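A.B. asks: Residue numbers (this note's numbering), protein chains in the order written: chain E, 320 to 855; chain F, 320 to 855.
In short, the hints are calculated from the structure, not lab data. A couple of the hints might just be wrong.
Pairs of lysine-lysine, DSBU-like flavour, derived with a Cα cap of 30 Å [unchecked claim]:
| # | chain 1 | residue 1 | chain 2 | residue 2 |
| --- | --- | --- | --- | --- |
| 1 | F | K616 | E | K801 |
| 2 | E | K643 | F | K437 |
| 3 | F | K676 | E | K376 |
| 4 | F | K735 | E | K476 |
| 5 | E | K801 | F | K597 |
| 6 | E | K735 | F | K326 |
| 7 | F | K376 | E | K770 |
| 8 | E | K788 | F | K326 |
| 9 | F | K376 | E | K616 |
| 10 | F | K725 | E | K632 |
| 11 | E | K393 | E | K408 |
| 12 | E | K801 | F | K725 |
| 13 | E | K688 | F | K597 |
| 14 | E | K676 | F | K437 |
| 15 | E | K725 | F | K735 |
| 16 | F | K326 | E | K516 |
| 17 | F | K616 | E | K437 |
| 18 | E | K383 | E | K688 |
Every value quoted in this text rests on a predicted model; they were computed, and no experiment measured them.
Protein chains: 2
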Amino acid sequence: MTNPLSKTIELYDTTLRDGTQGEHINLSVQDKLLIAERLDEFGMDYIEGGWPSSNPKDEEFFLKARQLKLNHAKLCAFGSTARSSATVKSDQNLLGLLQSETPVITIFGKTWKAHSSKGLGISDEENAELIHRSVQFLKEAGREVFFDAEHFFDGFKDNPEFALTMILAAVEAGASRVVLCDTNGGSMPHEVDAIVKKVVATAGVPVGIHCHNDSDIAVANSIIAVQAGATHVQGTINGIGERCGNANLISIIPNIMLKLHGSFTHLQQLSQLTSLSKFVFEILNLPSDTKAPFTGKSAFAHKGGIHVSAVMKESSLYEHIDPKLVGNRQRVLVSELAGQSNIRYKADELGIKLPEKGEQIRNLVHHIKELEHKGYQFDGAEASFELILRRELGDFSPYFNVLETKVHIESGVDSKNVDQAILKVQVGNEIEHIAADGDGPVNALDKALRKALIHFYPAIKTIRLVDYKVRVLEEKRSTSAKVRVLIQTSNGQETWGTVGVSTNIIEASLLALQDSMNYHLFNVRTAIQKKAAAEA
Amino acid sequence: MTNPLSKTIELYDTTLRDGTQGEHINLSVQDKLLIAERLDEFGMDYIEGGWPSSNPKDEEFFLKARQLKLNHAKLCAFGSTARSSATVKSDQNLLGLLQSETPVITIFGKTWKAHSSKGLGISDEENAELIHRSVQFLKEAGREVFFDAEHFFDGFKDNPEFALTMILAAVEAGASRVVLCDTNGGSMPHEVDAIVKKVVATAGVPVGIHCHNDSDIAVANSIIAVQAGATHVQGTINGIGERCGNANLISIIPNIMLKLHGSFTHLQQLSQLTSLSKFVFEILNLPSDTKAPFTGKSAFAHKGGIHVSAVMKESSLYEHIDPKLVGNRQRVLVSELAGQSNIRYKADELGIKLPEKGEQIRNLVHHIKELEHKGYQFDGAEASFELILRRELGDFSPYFNVLETKVHIESGVDSKNVDQAILKVQVGNEIEHIAADGDGPVNALDKALRKALIHFYPAIKTIRLVDYKVRVLEEKRSTSAKVRVLIQTSNGQETWGTVGVSTNIIEASLLALQDSMNYHLFNVRTAIQKKAAAEA
Chain E
320 MTNPLSKTIE
330 LYDTTLRDGT
340 QGEHINLSVQ
350 DKLLIAERLD
360 EFGMDYIEGG
370 WPSSNPKDEE
380 FFLKARQLKL
390 NHAKLCAFGS
400 TARSSATVKS
410 DQNLLGLLQS
420 ETPVITIFGK
430 TWKAHSSKGL
440 GISDEENAEL
450 IHRSVQFLKE
460 AGREVFFDAE
470 HFFDGFKDNP
480 EFALTMILAA
490 VEAGASRVVL
500 CDTNGGSMPH
510 EVDAIVKKVV
520 ATAGVPVGIH
530 CHNDSDIAVA
540 NSIIAVQAGA
550 THVQGTINGI
560 GERCGNANLI
570 SIIPNIMLKL
580 HGSFTHLQQL
590 SQLTSLSKFV
600 FEILNLPSDT
610 KAPFTGKSAF
620 AHKGGIHVSA
630 VMKESSLYEH
640 IDPKLVGNRQ
650 RVLVSELAGQ
660 SNIRYKADEL
670 GIKLPEKGEQ
680 IRNLVHHIKE
690 LEHKGYQFDG
700 AEASFELILR
710 RELGDFSPYF
720 NVLETKVHIE
730 SGVDSKNVDQ
740 AILKVQVGNE
750 IEHIAADGDG
760 PVNALDKALR
770 KALIHFYPAI
780 KTIRLVDYKV
790 RVLEEKRSTS
800 AKVRVLIQTS
810 NGQETWGTVG
820 VSTNIIEASL
830 LALQDSMNYH
840 LFNVRTAIQK
850 KAAAEA
Chain F
320 MTNPLSKTIE
330 LYDTTLRDGT
340 QGEHINLSVQ
350 DKLLIAERLD
360 EFGMDYIEGG
370 WPSSNPKDEE
380 FFLKARQLKL
390 NHAKLCAFGS
400 TARSSATVKS
410 DQNLLGLLQS
420 ETPVITIFGK
430 TWKAHSSKGL
440 GISDEENAEL
450 IHRSVQFLKE
460 AGREVFFDAE
470 HFFDGFKDNP
480 EFALTMILAA
490 VEAGASRVVL
500 CDTNGGSMPH
510 EVDAIVKKVV
520 ATAGVPVGIH
530 CHNDSDIAVA
540 NSIIAVQAGA
550 THVQGTINGI
560 GERCGNANLI
570 SIIPNIMLKL
580 HGSFTHLQQL
590 SQLTSLSKFV
600 FEILNLPSDT
610 KAPFTGKSAF
620 AHKGGIHVSA
630 VMKESSLYEH
640 IDPKLVGNRQ
650 RVLVSELAGQ
660 SNIRYKADEL
670 GIKLPEKGEQ
680 IRNLVHHIKE
690 LEHKGYQFDG
700 AEASFELILR
710 RELGDFSPYF
720 NVLETKVHIE
730 SGVDSKNVDQ
740 AILKVQVGNE
750 IEHIAADGDG
760 PVNALDKALR
770 KALIHFYPAI
780 KTIRLVDYKV
790 RVLEEKRSTS
800 AKVRVLIQTS
810 NGQETWGTVG
820 VSTNIIEASL
830 LALQDSMNYH
840 LFNVRTAIQK
850 KAAAEA
């Protein structure tokens, strides 16, 4: 049922160009350079860097990109055909493309008659000539030229002859790829299948596919196009892009490799897929999509007691692929729906032995359910979860107590802004009463707590907060709603997450900060004890 | 190319059962009842309410659901086949299903040999008998029975005879639907197509499809199954569900109606699709997915100057469907990538006339770009955007100034918790110096500001905050990072959004609150002036 694909598939990434058209997507030039390097490392064949004449940022990118040392990937500049075929040689857009000095240039042209006749107001012959001359001009300047057939599927459904004529005009002028774009994202799988087959039979050059996700089927359409003979796939990392996004390469790649048994030229380490996805989310400053197929945090997460014990026995019966193949991992969710078996599995993962039965385990399950009811969740806060387990088992007791918290925020008072935290912290029998100013109230709190602890626990110095997230729960209660604060802390080698919930954002932050520091101190202490035991 | 589907398609919603297996998904009994009513109104044929014997919440749901007055939809209870075929009549799971008193019962059975032999440890014949007797028992109790063929596609690929035998055992016992489940979500479109065709040809009863999104193609697989002859589609609203989610009915429904020209029995008003999607996100207390096909806020949002003017001219050339058909609307994004033309379009939408040229419009564009650079975004905060425009044009000046802000947060001090805001607010020549306690610092701030303004502007009384969201920008800078606060305020008829950005969450909240109140006061004042002018 699954004959391997007979040809190697080319990967063309347009995260840096089409991806940036998405809402909430903003990339600096430096961001784009970082992503380009990473895409090359991963094994993309082509990286579309931007549309040089559309904005100065993209021009700067191509200038700086000349310093990039790429292993395999070829950089591509994107733009349109000339404004008129009479003035091709002086066309600002085409000249801008040449100035970007990329080995490959991708230009798009009209292949839906209505766009040509209404949008540009030109005849069919004029449009074909425009495409031909534009491609030819770039080709004669020594560049490889790919032709993006804009609105191709809609154009073909409307007028197949027109659409094919435009493609052939590009091929005759020397375009080495024709890429069929479902620009509005409305085509159905059976249409993509039929149309790609026709083009593959007539184009004479390798055919590419470029889908948008407006019908929620961009990944499937891309796969179907490849099965129909396309050998070049365009998309973006995490499916970012205008409206509902572009086809998601993060899903297309493992589907082609693991399900259709196809291959790519430079992509070797599919196990880098999850970290690539996370890297791009991070650079975009967007939360990663936990539900994302293959790479999401929930993609191999199991919930519900009975199911989980079966998954642990034989995971291939419950998982469509081995998560390790894409660099992801199996997880068991500690959730309201979960019974003892999930908590037990999680404890195992953390190397903590729970008692088989008895009051202690019942208390633990009860306590966790109660916290979840209050709005706690431990998915991104496993360190907080571990402290709860260890506390219940008597392994751990907090290294300090915050007895009093005061936070003063003042703006405009005597023309000054103040963010100050004052804490009374007990360590053993001593009480520290200290204050710190900060950049915002939570930062002041963090500084004050460190100040209070550092004499007792110098190890506090080595950790730093790397992420701080706030989620408003019960949004309908608006400003008096509960908030959940998730904090990620790092000691340079490892990173751990902690959580706090309260109606008061300052208090929720303090809870998460306390857990984070306690977790670190517990691990430092344990390491010292282990070392001492080994030496004894 | 698009022959209309010859048969009416049944819609089977499992948001309340399979949907709740998703991470971060929690529904109370009351939530489930609200959603069930809404699903019925929308036109679902079947609503799967839960798995009665798996948890007490679902049992309570079915008890209370007896009071629901549904128009068309039939409620379904979900569960497994009996534990052993010898004890069908005393099986707790089957008895629980009968006790739920739904007209339809859906039970799942093993159709992948490995699950039957390894998981249950029984022979093929025993498994067939288990399915047969379980279905028969429920059928004899007077219920309509649907059979969910668990892991069917994997099972069929492994051993087609085994998989088909199990289905036929259910049909012979009286099951009126067999639903093919891609439980692990790993099947490819061509496999779904081929396998569904075979089952449709042999099953003798209507065939259903139930997909999971682990390969990012659940929507496409569902459509392809329908084209292959399935006449019953299962999925969830917004694609919620375990791991990567279930097939998203919000995407499947418009694809079937608008693209494949299929029809449903009770679904009449497709224009309710967007509000159904939003309603479920709201009940789930999850932010709605802006990129969601068909119903997302970005689904018909256009970015980028040139493109926008074309879209305004002839939108059918740029949008795969008319957004009104699904209750959505076209939007133009005010973004960094945007030039004057986007801002102009947005101003048009708001009924504000901008000058054609000159310093004023240049200042405005500059000002907005600067704010966006600081982290402002106006997508969910059009009221803030409108105030900026009107201020620049001289239409609006703020109704008050906050001169000083002090916020004191204390916990554990003399065993008391305090969240207090003290404001100095100027209105005209008067200065109010007031304080208020609240539930969290932002709530205290909101209360204090209202207290300061209410004597001057009694209209403040009629508004209330309906949503409060915090987004941490520059997450890598952790606790000293900037935050963006988005607030939604309502006067009972209309809702508007405002935004504030600062490193201090209190200050960011205050900025958004101020905009929200100013916007309301501006509209009240304008309405009074219009009325006075009309009467004069």
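A.B. asks: Could you check the structure against the hints above and give me the numbers of any it violates, in ascending order?
C.D. replies: Hint check: 4, 6, 7, 8, 10, 18 fail, others pass.
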